[in-house]
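Go ahead and model the full structure; you've got the sequences and the hints to work with.
Here is how the chains run, residue by residue.
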Amino acid sequence: MTLINRNQKLSDVIIEDPSIITVLNRFNIYLGVGDKTVEQVCAEKQLDTDFFLTILNTFSNETYFPEKLLKNFNVKLIINYLNSTNSYYRQFIIPNIENHFNLLLKRSKDNNTNLELLMKFFLEVKAELTGRINYDTNTLFKEILSLDDANSSAGFGSEGSVVFNDNESDAIEDKINDLVSMFIIHLTGKYDSNLCLAVLTAILGLKKDLCQNNRIRNRILMPIYRYLSFKTND
Amino acid sequence: MTESSAIVITRDTLRALGIKHLLGSLFNIKAQVAQGVSPLVAEGGMEQYEIIFVDEYNCLSHLDLFIPQKNKTVILANTDEDKYLSWQHINCNTDEDRIVEAIAAILKKLRHSNSTQSGLSSREIEVLKLVAQGMTNKEIADNLTISINTVLSHRKNISAKLGIKSVSGLCIYAMMNGIVH
Chain A
-3 MTLINRNQKL SDVIIEDPSI ITVLNRFNIY LGVGDKTVEQ VCAEKQLDTD FFLTILNTFS
57 NETYFPEKLL KNFNVKLIIN YLNSTNSYYR QFIIPNIENH FNLLLKRSKD NNTNLELLMK
117 FFLEVKAELT GRINYDTNTL FKEILSLDDA NSSAGFGSEG SVVFNDNESD AIEDKINDLV
177 SMFIIHLTGK YDSNLCLAVL TAILGLKKDL CQNNRIRNRI LMPIYRYLSF KTND
Chain B
6 MTESSAIVIT RDTLRALGIK HLLGSLFNIK AQVAQGVSPL VAEGGMEQYE IIFVDEYNCL
66 SHLDLFIPQK NKTVILANTD EDKYLSWQHI NCNTDEDRIV EAIAAILKKL RHSNSTQSGL
126 SSREIEVLKL VAQGMTNKEI ADNLTISINT VLSHRKNISA KLGIKSVSGL CIYAMMNGIV
186 H
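For the record, the sequence lines run as chains A and B.
Residues in the first sequence are numbered from -3 upward in steps of one, following the working numbering.
Residues in the second sequence are numbered from 6 upward in steps of one, following the working numbering.
Please keep in mind that the hints were generated in silico from the structure rather than gathered at the bench.
For clarity, every value in this text was computed on a predicted model and none was experimentally measured.
We treat Cβ as the ideally placed atom computed from N, Cα and C, and that holds for glycine.
Be a bit skeptical, because a hint or two may be false.
As the list claims (entries may be wrong) - So, partial list: chain B residues that the calculated Cβ filter (under 7 angstroms) puts toward chain A:
1) G168
2) I169
3) K170
4) S171
5) S173
6) G174
7) I177
8) M180
9) M181
Structure, rendered in structure tokens:
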């Protein structure tokens, strides 16, 4: 897939990869985009076009990840984006999976016990993901922003207290992959196939999104955080 | 496809390399070659291998080790004579097609007797059960009297076969399939 560029019509970008709609929503762009180019939409919404394009390309192309470029963006831009991604998970994706899952359980004949076990596993994943989102919002992002402010005014001397745990993010991704495998490989018993597909599609959407999000969180924000902590203590 | 593992134990290096080549190129089985059994025992036993090829000399010299592994042991013989009683064997002094056919037949039989619907061997199911019960690798090794390396090897195979990595995921799978309650 070729990289999205600023002169391309946003509608063409969406037609090429509809899954990008969820990312556009995080920038307050919704369907009905007209025939404006990416650059025109960014100007209208007062968005940093380079940052917007980098995020779209990173999301759309699994192999594209311009670390240097991303690290040069203002940390506030990155945190704003990650915050809106977390809100999207909390307000839309997670409730969407849960609602469909509940409906699937309700409509499955003979009380399919396998589905009940899968729901139990999903709730465990949900608790871990929600825990991480709360931690990001209430602790991690705040500390990074305060380090960023302190660096511009100088004199902030405390050591960074937030500890990144890369494995934790990988553990959540692993569990989502496991959940997908359980549906695709191991599901047995009677169930409503349309609802089951809806649940699986929503989980696959979360899997892709979280993987891209973790790349930005762990490979971009983490080095920036370390750098800011080091610079502040220097 | 998950790669299986084998060991070829014989003092005849060329014969060992020939079997290793056939296993790798035709059956996707990665084989180790050893001239004797001593290093094997030191590394944690033969549990980890799906199939063991051994020459008559080594087998007879260490019958105590091979009898418990009899169902997956294949003697590298020099003749078609049925002098090995109930032990599986292949005649190495014949043409390539016959050797390949003999290995394929033994593998088919072995995999049929070992496999469940999920493709897990009976040993892997035992390991999975203990993982789902919350045991550590060390506890599983002690419980089954095998080495930690063998436990790790079983766990790797279980995850590859099931597509499930996390302990809680394996636990849910075990409950779904009545392996634990």
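Status of the hints after comparison with the structure:
1. G168: Because about 3 angstroms separates G168 (chain B) from the closest Cβ in chain A, which is inside the 7 angstroms limit, the hint holds.
2. I169: Holds. Min distance 5 angstroms.
3. K170: Holds, because the Cβ-Cβ distance from K170 (chain B) to chain A comes to roughly 5 angstroms (cut-off 7 angstroms).
4. S171: Holds. Min distance 5 angstroms.
5. S173: holds (6 angstroms)
6. G174: holds (3 angstroms)
7. I177: I177 (chain B) check passes; min Cβ-Cβ to chain A is 5 angstroms, inside 7 angstroms.
8. M180: holds (6 angstroms)
9. M181: holds (5 angstroms)
No hint from the list above goes unmet by this structure.
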